[in-house]
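Q: In the order they appear, the protein sequences are chains L and D.
Going by the working numbering, the first sequence opens with residue 1, and the numbers climb by one from there.
Going by the working numbering, the second sequence opens with residue 1, and the numbers climb by one from there.
Rather than coming from a laboratory, the hints here were simulated on the basis of the structure.
Hints may be right or wrong, so weigh each one.
When chains are identical, the list treats them as one kind, so a pair holds in a single copy or across two.
Cut-off 27 Å, straight-line C-alpha distance, at most; resulting in silico cross-link-like pairs (BS3-like, lysine-lysine) [to be verified]:
id, residue 1, residue 2
1, Lys118, Lys73
2, Lys139, Lys113
3, Lys48, Lys118
4, Lys73, Lys113
5, Lys48, Lys73
6, Lys139, Lys98
7, Lys118, Lys18
8, Lys73, Lys18
9, Lys118, Lys98
10, Lys113, Lys48
11, Lys48, Lys98
12, Lys113, Lys18
13, Lys139, Lys18
14, Lys48, Lys139
15, Lys18, Lys98
16, Lys139, Lys118
17, Lys73, Lys98
Single-letter residue listing:
Protein chains: 2
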Amino acid sequence: MRNQASIFEAFLDGRGLKFTRARQLILETVFSLHEHFDAEQLYDIIHKVSRDVSRATVYRTLPLLVEAGLIQKSVRSEARDTFEHIYGHPRHAHWVCKVCGAVGETEIQDVLKLLQAKARAQNFALEEVSLAVSGVCWKCRNANESQ
Amino acid sequence: MRNQASIFEAFLDGRGLKFTRARQLILETVFSLHEHFDAEQLYDIIHKVSRDVSRATVYRTLPLLVEAGLIQKSVRSEARDTFEHIYGHPRHAHWVCKVCGAVGETEIQDVLKLLQAKARAQNFALEEVSLAVSGVCWKCRNANESQ
DNA sequence: AATAAAATGAGAATCATTCTCAAAAGAAGA
DNA sequence: TCTTCTTTTGAGAATGATTCTCATTTTATT
Numbered sequence: 001m002r003n004q005a006s007i008f009e010a011f012l013d014g015r016g017l018k019f020t021r022a023r024q025l026i027l028e029t030v031f032s033l034h035e036h037f038d039a040e041q042l043y044d045i046i047h048k049v050s051r052d053v054s055r056a057t058v059y060r061t062l063p064l065l066v067e068a069g070l071i072q073k074s075v076r077s078e079a080r081d082t083f084e085h086i087y088g089h090p091r092h093a094h095w096v097c098k099v100c101g102a103v104g105e106t107e108i109q110d111v112l113k114l115l116q117a118k119a120r121a122q123n124f125a126l127e128e129v130s131l132a133v134s135g136v137c138w139k140c141r142n143a144n145e146s147q
Numbered sequence: 001m002r003n004q005a006s007i008f009e010a011f012l013d014g015r016g017l018k019f020t021r022a023r024q025l026i027l028e029t030v031f032s033l034h035e036h037f038d039a040e041q042l043y044d045i046i047h048k049v050s051r052d053v054s055r056a057t058v059y060r061t062l063p064l065l066v067e068a069g070l071i072q073k074s075v076r077s078e079a080r081d082t083f084e085h086i087y088g089h090p091r092h093a094h095w096v097c098k099v100c101g102a103v104g105e106t107e108i109q110d111v112l113k114l115l116q117a118k119a120r121a122q123n124f125a126l127e128e129v130s131l132a133v134s135g136v137c138w139k140c141r142n143a144n145e146s147q
């Protein structure tokens, strides 16, 4: 946490922005989560803990965290942008079950290497990769077969 | 075109839905495009050609075309869902330049194979893959360097 | 033509996200 | 600590893509 906070602070500093209490709370809460989350969920959680940060501030801070490289946009779920923190996480992609909506992860180091090579070949400076896979999870496949 | 139309018709039939004039026009227009498009652009084009199909019908038909396997969701651009047709297109991913917004493509047959293998290993029946890459295109890199 | 099921258009309704702006907080110096 | 200047914040309004409603029209079938 120390680390993430100082990264964020340095990022803000470099832009002449301030590491305010609201931004601290948002950062803390984001890193206390171990699942994908959307702005609304984050806002709700912050409120439950009776800490006061407005919805607007949550929405305003999320893009800053993305730019600081601390979180990334994840799968878009039910018309909402979702996020997840990156810090210390190995790169992974998401799969979403079309039947039950379950979300899971899979490592993609190798995929990233491949893409990196492709990008280089096209003289494109690759910075971010967003990869989502959908299909049917084994639970739903089994449920279906046994009908 | 014949082909796509019959695929769509068969799909609709299987669901007790009708291959109406509006759906035909939308299908034709979609396949006359060679770029990504969003619902609004599609609606505009259909109107220019003075064919009457309401915005609602466009929005209603797009998901049907996706389910029929004729088009797919592409990159989300400026808060809009965009689509592109799949029929006859080799699988590819998109890259988006963060600076100028340019969109390009790159083949990903190999990436898909890798993912397919991963999915199998997790007992997940992979159906769709959405892959978006962002970074800086060579034009913008050069423009930047020479400043 | 008659009937029933499905589709359509127009605009209202939704709902995530962004914007506005007056008031509050933070930083830096005297 | 008091000032001053800049950035942030909260509350709610505004925006804008997408979805929904429902009365009317099409389509397919008899």
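Q: Hints first: check each against the structure and report whether it holds.
A: Here is how each hint holds up against the structure:
1. In this assembly of identical chains, lysine 118 and lysine 73 lie within 27 Å of each other by CA distance both inside one copy and across copies; the values are 22 Å within and 22 Å between.
2. Proximity of lysine 139 and lysine 113 under a CA criterion of 27 Å is satisfied inter-copy only: 23 Å between copies versus 31 Å inside one chain copy.
3. Taking the closest pair of Cα atoms, lysine 48 and lysine 118 never come within 27 Å of each other, the shortest separation being 46 Å inside a single copy and 39 Å across copies.
4. In this assembly of identical chains, the alpha carbons of lysine 73 and lysine 113 lie at most 27 Å apart whether taken from the same copy (20 Å) or from different copies (25 Å).
5. In this assembly of identical chains, the alpha carbons of lysine 48 and lysine 73 lie at most 27 Å apart only when taken from the same copy (24 Å versus 36 Å across copies).
6. In this homomeric assembly, lysine 139 and lysine 98 come within 27 Å of each other (Cα to Cα) only inside a single copy, at 12 Å, whereas the closest approach across copies is 39 Å.
7. In the homo-oligomer, the alpha carbons of lysine 118 and lysine 18 never lie at most 27 Å apart, since the shortest distance is 39 Å inside one protomer and 43 Å across protomers.
8. With identical chains, the CA atoms of lysine 73 and lysine 18 are at most 27 Å apart within one copy only, with a shortest distance of 23 Å there and 39 Å across copies.
9. In this assembly of identical chains, the alpha carbons of lysine 118 and lysine 98 lie at most 27 Å apart only when taken from different copies (18 Å versus 30 Å within one copy).
10. Taking the shortest Cα distances, lysine 113 and lysine 48 never come within 27 Å of each other, neither inside one copy (41 Å) nor across copies (45 Å).
11. Taking identical chains as interchangeable, the C-alpha atoms of lysine 48 and lysine 98 are never at most 27 Å apart, the minima being 31 Å within one chain and 36 Å between chains.
12. Taking identical chains as interchangeable, the C-alpha atoms of lysine 113 and lysine 18 are never at most 27 Å apart, the minima being 36 Å within one chain and 46 Å between chains.
13. Within a single copy, lysine 139 and lysine 18 get their C-alpha atoms no closer than 47 Å, and across copies no closer than 34 Å, so neither meets the 27 Å cut-off.
14. Taking CA atoms no more than 27 Å apart as the test, lysine 48 paired with lysine 139 passes in neither setting, with 33 Å inside one copy and 48 Å between copies.
15. In this homomeric assembly, lysine 18 and lysine 98 come within 27 Å of each other (Cα to Cα) only across copies, at 25 Å, whereas the closest approach inside a single copy is 42 Å.
16. Taking identical chains as interchangeable, the C-alpha atoms of lysine 139 and lysine 118 lie at most 27 Å apart only when they sit on different chains, with a minimum of 17 Å there against 35 Å within one chain.
17. In this homomeric assembly, lysine 73 and lysine 98 come within 27 Å of each other (Cα to Cα) both inside a single copy, at 20 Å, and across copies, at 15 Å.
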